[in-house]
Amino acid sequence: MSADQTDANQPSTEPVITTGHILGPVDQIPFGEGRAFGVDGEQVAVFRLRDGTLRALSAVCPHRGGPIADGTIDREVVMCPLHQHAFSLETGCSSTGAEPLRTYSVQEDAERNIVLKYPHIRGNSLA
Amino acid sequence: MTSVLDRPQGRHAGAAPRRRLLVVGNGMAGARAVEEILARGGAEQFTITMFGDEPYGNYNRIMLSHVLSGEESDADIFLNALPWYRENSITLHAGVRVDRIDKFTKHVFSNDGRVTPYDTLIIATGSRSHMPPMDGLYTPGGSVKHGVFGFRTIDDTRKMVQHAQQEHHRRAVVIGGGLLGLEAAYGLKSHGIDVEVVHSGGHLMNAQMGPDGGAVLRRSVEALGIRVHTSSRTTAVLGRDTVSGVSLRDREDIACDMVVVAAGIRPNVDVAVLSGLPVERAIVVDDRLRVQDEDDIYAVGECVQHRGEVYGLVAPLWEQAVVLANHVTGVDTSSAYLGSRTATKLKVAGVDVASMGLHGPEFDTDEHIVFSEPSRGIFKSIVVRDNKMVGATLLGDSRKVAYLTQAYDRGLPLPEERIALLFDVGGPGEAVGVAELDDGAQVCNCNGVSKGALVAAVKGGCTTVSGAMDATRAGKGCGSCKLLVKQVVEWAADGAVEEDPAASYYVPGIPLDKPALMAAIRKKGLRSVSQVFTALAPGSAEDAKSKMGLASLLKMMLADQYIDERDARFINDRVHANIQRDGTFSVVPQMKGGVTSVQQLRRIADVAEKHNVPLIKLTGGQRIDLLGIPKEDLPQVWADLDMPSGYAYGKSFRTVKTCVGKDFCRYGTGDSTKLGIEIESRFQGIESPAKLKLAVSGCPRNCAESLVKDVGVVAVEGGRWELYVGGAAGAHIRKGDLLATVDDPEEVKVLTGRFMQYYRENANWLERTYSFVPRLGIEHLRAVIVDDSEGIAATLDAAMQASVDSYVDPWSERDDPLTPGQFRTSLPLTVLPQVPVR
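Chains A and B, in that order, give the protein sequences. Sequential numbering of the first sequence, starting at 0, is according to numbering that gives the first Met the number 0. Sequential numbering of the second sequence, starting at 0, is according to numbering that gives the first Met the number 0.
Simulated from the structure, these hints should not be mistaken for laboratory data. On a predicted model such as this, the values are computed, not experimentally measured, just so you know. Watch out, some of these pointers could steer you wrong.
Chain B is faced by these chain A residues, among others (derived, beta-carbon under 7 Å) [said to hold, decoys possible]:
{"hint": "1", "residue": "Gly19"}
{"hint": "2", "residue": "Gly23"}
{"hint": "3", "residue": "Glu32"}
{"hint": "4", "residue": "Ala35"}
{"hint": "5", "residue": "Val38"}
{"hint": "6", "residue": "Asp39"}
{"hint": "7", "residue": "Pro61"}
{"hint": "8", "residue": "His62"}
{"hint": "9", "residue": "Pro66"}
{"hint": "10", "residue": "Asp69"}
{"hint": "11", "residue": "Thr71"}
{"hint": "12", "residue": "Ile72"}
{"hint": "13", "residue": "Val76"}
{"hint": "14", "residue": "Pro80"}
{"hint": "15", "residue": "Arg111"}
{"hint": "16", "residue": "Lys116"}
Just so it is clear, CB atoms sit at the ideal spot from N, CA and C, and this is done for glycine as well.
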């Protein structure tokens, strides 16, 4: 996180916000679960927390390629179903020693669609 | 012979040639000596070659008793597996025995015909089981009779387990009531074998304690169901080709199927004797661990005699290895080994035992402080001479061991009130005991962790006991030091030690054990996982790690009153299939009792063909597994199969394996197939804290392996059925305990259901029956389940019936997904490492 805060003080060379991708109605994700989406050739797992908040992470576990969207979540973490590696939904960092997952900024728009902001800044959510 | 002599290998000009270090013996002493040498930069000085009689890396021999009792698997006890040797450039000749040493030309001769030169030699040949003279111990061919075992090596232990698990082997005699004998008896008992211990001494463990302590220990051992005969010598092993019993000197013969000889150990000195080295009771070494009058030969461990003492414990070996390494590497040539004061602290047959120095007073002026409480298995005895402690024995309560060991080792002044030696009477007590420990004092003898290392780990931020244990590996060996480790961590954290939540909580996110959690759920009328978090979790915080356990518990408690929130389920339970390494799923249709039909087989074949199923596999539970099904295809596969789920994915009742039964088998005595199908029909899909695998066998040949199932049923002659519980043959091997023998198959079903309900209500999350049954004890389970001692049988039966009644085949969700996108792919669309198609 600290590296990203430094980035915020000076203009980043990476593009910060471009257009949002509309992934369809938010109701396709049940509360407390995740679903996988293909976006520009990248796989993104979008989670809908029980309070309605959305979170988005890359969908492939860096450990052994497990399907992150099939993981169990709470408000803070998602656990990969294959070997129970845990990742912060906010930062993508693993608390179990795995490589981090990419995070994406994601929101719900007025029409109750999922909007994924992309590209992203690695390791940070832009929300 | 000289023609095969290995020549010293050529060296780069200029580089000092490394000397050749050769180690005879690859046990705990040999490997520890090498570790100490490597720690002193030995890799730069030496090319190291080791010879080991056993064809393995080196393992923790102390843990063999845990392997025997099934608490550890044999893979868990390796200290250094084969890759360690490679990583440290050590040439290991495993399974090769050294026959002779030529100390003049400096070569060793091994039984593979090899002749290996050395510059420095270390002998660490250890000990072997002592076989006392008895008639009939050996066959005429000279080998030990079939069914007689020593208890020294991993092979001994494996053979014993194998023998004990054969169904017709039910009785064992252990010769020797010392530490090893009691461990053997305890281990065999856990395989369901009736064990009798024959001990020539007047009381058990007479090398470690006096008669009063021995009597208390005997009571504790007998309470485990192990019979004990003291002052009794075995004169003969009976049986022509295989053991049928033993004869005692002045008692009746004992019939048995196996004999374990644990009558002490003898140093392995054959090589030394043959090679002309000085041997008395063992190989004679000086204070530098050098063999007497030899400049380049050292010896270490149980094969040495130092100042007249031969040790059979692990602690002296560690001390010797340090001194030896100091000299061999030249790091500290003033280092000297002056002998060890042996204080032992161990767990024997589940009883804490600590012993040091004298067992009782020797002079009139010696003080003897004794406390004895046989009903609780507690005995404490301390001998004081000139205000110094000269001996102690503690049984059943080891809380004062750290302090007493220190007082004994260092001759500390003792409290005037002697009772304070035995108990913490007011005051800071234990903490003082730990505080007085020296930083260098070794707390964990298996992994060589000192108090200082533990304290450093705590100061470095490991403020839980398990955290400090993980960081230092303390307590990860035989486990006997765990209490002391806990005390040290608590002392080092100065009261700031964090409780280990996972230790007693049913699930990590709710700070309640199972009974309290169930009571709170009932009292507050909670019906869903999210309600439980809101009402009972700190800060009402959800916890991903707790969801699956709570979902299972609530379903068990509430049956059809449970509000099912799909996000609380593990993926397997959301889509009713078992996730595989590539993110596809396995589909196992129900095949009750492993019985199928032409129609089923044809349909399965058609489905497999239609869906291009990459792997069709017969499972251990007698079913057919279709592997590699993508999630989105699951509903179609189920529809095409049109068979109910076989539950091969959940923490639930899985399957009932059966044998052919009496209709076809010419040995069958009961209709096992029918009963197995009925049990599976009744209990299909029942949730439980961990999976339940059952079996029904039609005769004691046990073709369905009923003795190693969570619940196993065996038909015996006379139309009766034996019911075993708590068996396992997976990651862990355990023979089930006999719960009951009944006449009626209906009674089998009632007791099976009642046992499983009691397990569901009382087992910890993910605790298999092989842990649950020994934790509660078969006597207790029998009292509750068979004899209804607590008057809850009817309640258990009713609760199980409610669960049975609320069964719905989960594969019926195929036509009407319960959540949007329930079967939508989560597979990353990029190509993952593919499982090969066979």
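Inset, instruction - Report holds or violated for the interface hint on arginine 111 of chain A, using the least CB-CB distance to chain B and a cut-off of 7 Å. - result: Not OK, violated: arginine 111 of chain A not within 7 Å of chain B, min 13 Å.
Legend entry - Proposed interface contact between threonine 71 of chain A and chain B, which counts if any beta carbon pair is under 7 Å: 5 Å, holds
Inset, instruction - For the hint on proline 80 of chain A, just tell me whether its beta-carbon gets within less than 7 Å of chain B. - result: Holds, about 4 Å.
Inset, instruction - Identify whether the interface hint at lysine 116 of chain A stands, where standing means a beta carbon of chain B within less than 7 Å of its own. - result: Given a least distance of 21 Å, the restraint on lysine 116 of chain A is violated.
Legend entry - Status of the valine 76 of chain A interface restraint (C-beta, 7 Å, chain B): Check passed: Cβ of valine 76 of chain A comes within 6 Å of chain B, closer than 7 Å.
Inset, instruction - Classify the hint on glutamate 32 of chain A as holds or violated, based on whether any CB of chain B lies nearer than 7 Å to its CB. - result: 5 Å, holds
Legend entry - Restraint check, 7 Å cut-off on beta carbons, for proline 66 of chain A near chain B: 4 Å, holds
Inset, instruction - Classify the hint on histidine 62 of chain A as holds or violated, based on whether any CB of chain B lies nearer than 7 Å to its CB. - result: With Cβ-Cβ at 11 Å, over 7 Å, it is violated.
Legend entry - Minimum beta-carbon distance criterion (7 Å), valine 38 of chain A to chain B: Result: violated, 11 Å to nearest chain B Cβ.
Inset, instruction - Could you check if proline 61 of chain A really has its C-beta closer than 7 Å to a C-beta on chain B? - result: This hint is violated: proline 61 of chain A lies away from chain B, its Cβ roughly 11 Å from the closest one there, beyond 7 Å.
Legend entry - Given hint glycine 23 of chain A near chain B, where the shortest CB pair must fall under 7 Å: 10 Å, violated
Legend entry - Restraint satisfaction for aspartate 39 of chain A [CB to CB of chain B, less than 7 Å]: 12 Å, violated
When each numbered hint is compared with the structure, violations occur for hints 1, 2, 5, 6, 7, 8, 15, 16.
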